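Visitor: For reference, the chains in residue letters:
2 protein chains.
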Amino acid sequence: MATLAAELRQRPGPNKPDFDEKDKSAGTVPASASDSDEDDLPVKPSKPPAPPPQSSDSLDEALKDFSPRWRNWLIRGIFTWLMIFSFAVLIYLGPLALVLVTFAIQIKCFHEIITIGYIVYRSYDLPWFRTLSWYFLFTSNFFFFGESMIGSFGMLLARQDFLWPFVKYHRFISFSLYTAGLVGFVCSLVKKHYLKQFTLFGWTHVTLLLVVAQSHFIVQNVLEGLVWVLVPVSMIICNDIMAYMFGFFFGRTPLIKLSPKKTWEGFIGGAFSTILFGILLSYVLLQYDYFVCPVSYDEAQGGLSMDCVRPHVFVISEYTLPETLQGLLKLVGSQKTTVSIYPFILHSISLSLFASVIGPFGGFFASGFKRAFKIKDFADTIPGHGGIMDRFDCQFLMATFVHVYHFSFIRVPNPQNIVQSVLTLKPEQQLQVFLLLQEKLLKRGILHSISADSSI
Amino acid sequence: MATLAAELRQRPGPNKPDFDEKDKSAGTVPASASDSDEDDLPVKPSKPPAPPPQSSDSLDEALKDFSPRWRNWLIRGIFTWLMIFSFAVLIYLGPLALVLVTFAIQIKCFHEIITIGYIVYRSYDLPWFRTLSWYFLFTSNFFFFGESMIGSFGMLLARQDFLWPFVKYHRFISFSLYTAGLVGFVCSLVKKHYLKQFTLFGWTHVTLLLVVAQSHFIVQNVLEGLVWVLVPVSMIICNDIMAYMFGFFFGRTPLIKLSPKKTWEGFIGGAFSTILFGILLSYVLLQYDYFVCPVSYDEAQGGLSMDCVRPHVFVISEYTLPETLQGLLKLVGSQKTTVSIYPFILHSISLSLFASVIGPFGGFFASGFKRAFKIKDFADTIPGHGGIMDRFDCQFLMATFVHVYHFSFIRVPNPQNIVQSVLTLKPEQQLQVFLLLQEKLLKRGILHSISADSSI
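Here the protein sequences line up with chains A and B, keeping their order.
Just so you know, we're using UniProt numbering here: the first sequence kicks off at 1 and counts up by one.
Just so you know, we're using UniProt numbering here: the second sequence kicks off at 1 and counts up by one.
The shape of chain A in the complex, shown without the other chains (with noise of 0.2 Å):
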């Protein structure tokens, strides 16, 4: 962090933000709106030598043979690989050490976007500010992660009587924090720095917005199957590279001006690469159940599971094929007429879809910012990559879009969970929800042919 710190002092251009930029020709990019220093595809090959990485020593001194140029390639690769590598062993490792790394994660780029508000607004004499930012940082994090295991293992952790306030009163604790912190807040209001303290109260409200509570999605995501992660998590990756190369070998016609190196065959390349990709890796994935079931507590084994019975989206089905296909099929003397795939190799092409469709706005989105305050990366965490937020920046609104989507078409509410919750009323509010619901279910003609077998 302290060469971050170093650079942005070093920095020649103005490090404080200036409000009295007046530019008349708002509404046009000039051509030259490319900056060199930014990180998009070329349109051609002959992208001038990219600036020396900011690696680690070792790695630059086993390297200092190549140019600038191809040492920073190799070190990018290598650490490529090294992420995907880390990736894979902690999908092997499961769902538990998953959720511990995206916490790692967030935390890290909560860390990165504090600290280039800190060091934008010179707030090294703010009274309390690191502390208030970590503190709102904890207590987001109580909320959020108490939510997501409530959600998932309410019924559970309610049983154990040291956990019992904590699931019930949840809210009530997370607010309570919230508020001493905002207490704390207005306490160590200065005069002379008013309107510092709630800049950087707003930074770090919306660093909370972005990172904190989108990461949380990626939590959810784990506990309902590793498919959930694992396949948004490569699609990303798959688009990014994809677009890459094909921007590199075929790229031609300009995408948008706010990017001049993205080109429609880039994006088209991509997009196709990664609904190929994606259809693929799901039909792996699917094969075992690992990756499929949700996380569950299995009560005979007193611990995790990660068997179930699958899902319907995870099950073979037969679907019509639409008359056109069928017409075509005909043609070339085949009667099929119907298909038999996973309903969720059908869901993935919508997920490749989104991630690069909408997925690269994260990107743009990030890289908006960063120009903003006119930093290059958003720290020098990963050699040859820059900070962990700009590999994640993508990844957050993906996870979010991953879990609206899991929740609005292919979440169906669990039997065993609605009677867990009814378990937790008391007993004669128990007794009125079973008559109510087996009145129903008796006017409703479900319960009528079988309530004789079951009244034993």
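Simulated from the structure, these hints should not be mistaken for laboratory data.
Here the structure is a predicted model, which means the values were calculated and not measured.
Hints are not guaranteed to be accurate.
Here are the simulated DSSO-like cross-link-like pairs (lysine-lysine), alpha carbons at most 30 Å apart as the crow flies [as the list claims (entries may be wrong)]: (1) A:K374 to A:K192; (2) A:K443 to B:K108; (3) A:K108 to B:K191; (4) B:K426 to A:K443; (5) A:K191 to B:K440; (6) A:K257 to B:K191; (7) B:K376 to A:K191; (8) A:K192 to B:K440; (9) B:K168 to A:K191; (10) B:K443 to A:K440; (11) A:K443 to B:K440; (12) B:K168 to A:K168; (13) B:K168 to A:K192; (14) B:K440 to A:K426; (15) B:K191 to A:K440; (16) A:K108 to A:K374; (17) A:K191 to B:K257; (18) B:K261 to A:K192; (19) B:K440 to A:K168; (20) B:K191 to A:K374; (21) A:K108 to A:K336; (22) A:K376 to B:K191; (23) B:K108 to B:K426; (24) B:K443 to B:K64; (25) A:K261 to B:K376; (26) B:K261 to A:K191; (27) A:K64 to A:K376; (28) A:K426 to B:K443.
Following the hints, position chain B against chain A.
Guide: For chain B alone, kept in the frame of chain A given last:
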């Protein structure tokens, strides 16, 4: 609004945030910390004359014979009573009117804060900024309002064919709308304005978080029963007035450096008055079902209903007195060991304590914000009071507290709602829930004795 804009532009001090302030005395507030334009409680009656109020011209004309100080007091007083009267009319008109007015207030507060950002950062030529802000206001209201409505009337709304997809896919639609805004923001980025654009993006989002999200807690509180809005809103008003009165007549000891005109005497007097007032008001309101019943849909009448079986918290219960109190009563010859009161009366004490101890920090926060941007009021919407936001700064925090308090300590799951949610499942799942529940209740001995009667 035009006057605020003009006022800010004419202001002699710097409008643009000055991030280069170099104050070595961080951590200590100079004795002159009290800005002359602040709006706090006076320690001594010898307050310097207030600046002339920004009141409507006709009223100004009618009061032109009074000194500026008295004119300000009169106008402020008249509009205070006008607001209290309007609030009473609203309560009479019922929950729907209250929800609509909450919306209007929220939109106005958003407008006031966004306008300040617009002026402070001189964003006159930023492309799309106003449009995007209003769009984000729309999407977040769509999301929050939808969540409230689905939470309260989901089953009912889902029965309408044309509303059903909005209920089922509400989160997906909200996310898509928001994402479209995000894409729009990224596409609107213009090289020379990056910093301003990201600053205002943050500004909009913090406003959404503080104003829009919290205002929806007011809506949810209305739906839980009018008393959950009427009592807390009145408490904040009562505490404001009584803390002022006590401070005015008895104020000697300064409370905190941030607001040098607040005194311990005002603080303590306000708290005691608010507790007493809360108990009295609650006692009166609890006599009427109109105030305590949640809004529900009455199938027989085909409309919204305010009748209910009173929730436990609004029914007189017998409490055993603490032993020390029993001992004291014995001394005066009373054998009383129990007391019969509405449980809500006890809860009203918690609410009063929050309103008088933590509530003012909402005001301190707003007042710090106004000083940070060197403005007297958020706007000049209400003559003598400033902007709507000036009167609602504490109300938002209070509403969130009430919402969390109700969720944590009052809410009991409604058997009717649980059964309704089961009935949305597929028939075989409905049956599965029923059989599972039957099994569990038999095992627990809750059903055993009655199963014979009910399985007719």
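Visitor: Given the proposed pairing of K374 (chain A) with K192 (chain A), does the C-alpha separation stay at or below 30 Å?
Guide: holds, 26 Å
Visitor: Given the proposed pairing of K168 (chain B) with K191 (chain A), does the C-alpha separation stay at or below 30 Å?
Guide: Between K168 (chain B) and K191 (chain A) the Cα gap is close to 50 Å, so the pair fails against 30 Å, i.e. violated.
Visitor: Taking 30 Å as the top limit, are the C-alpha atoms of K191 (chain A) and K440 (chain B) close enough?
Guide: Violated, because 63 Å separates the two Cα atoms, which is more than 30 Å.
Visitor: Need the status of pair K443 (chain B), K440 (chain A): alpha-carbon distance at most 30 Å?
Guide: holds, 23 Å
Visitor: Below or equal to 30 Å on CA atoms is what counts here, so check K192 (chain A) against K440 (chain B).
Guide: Measuring from Cα to Cα gives roughly 64 Å; hence the hint is violated.
Visitor: Between K426 (chain A) and K443 (chain B), does the CA-CA distance stay at or below 30 Å?
Guide: holds, 15 Å
Visitor: For the pair supplied as a hint, K108 (chain B) and K426 (chain B), is the alpha-carbon distance within the 30 Å limit?
Guide: violated, 44 Å
Visitor: Taking 30 Å as the top limit, are the C-alpha atoms of K108 (chain A) and K374 (chain A) close enough?
Guide: holds, 21 Å
Visitor: K443 (chain B) and K64 (chain B) were given as a pair; does the straight-line alpha-carbon distance stay at or below 30 Å?
Guide: violated, 81 Å
Visitor: For the pair supplied as a hint, K440 (chain B) and K168 (chain A), is the alpha-carbon distance within the 30 Å limit?
Guide: Answer holds: K440 (chain B) to K168 (chain A) is near 23 Å, not above 30 Å.
Visitor: Would the hint linking K261 (chain B) and K192 (chain A) be met if the CA-CA limit is 30 Å?
Guide: holds, 19 Å
Visitor: For a C-alpha distance cap of 30 Å, please report whether K440 (chain B) and K426 (chain A) respect it.
Guide: Within the cut-off at roughly 14 Å; holds.
In this structure, the hints that do not hold are numbers 2, 5, 8, 9, 13, 15, 21, 23, 24 and 25, in rising order.
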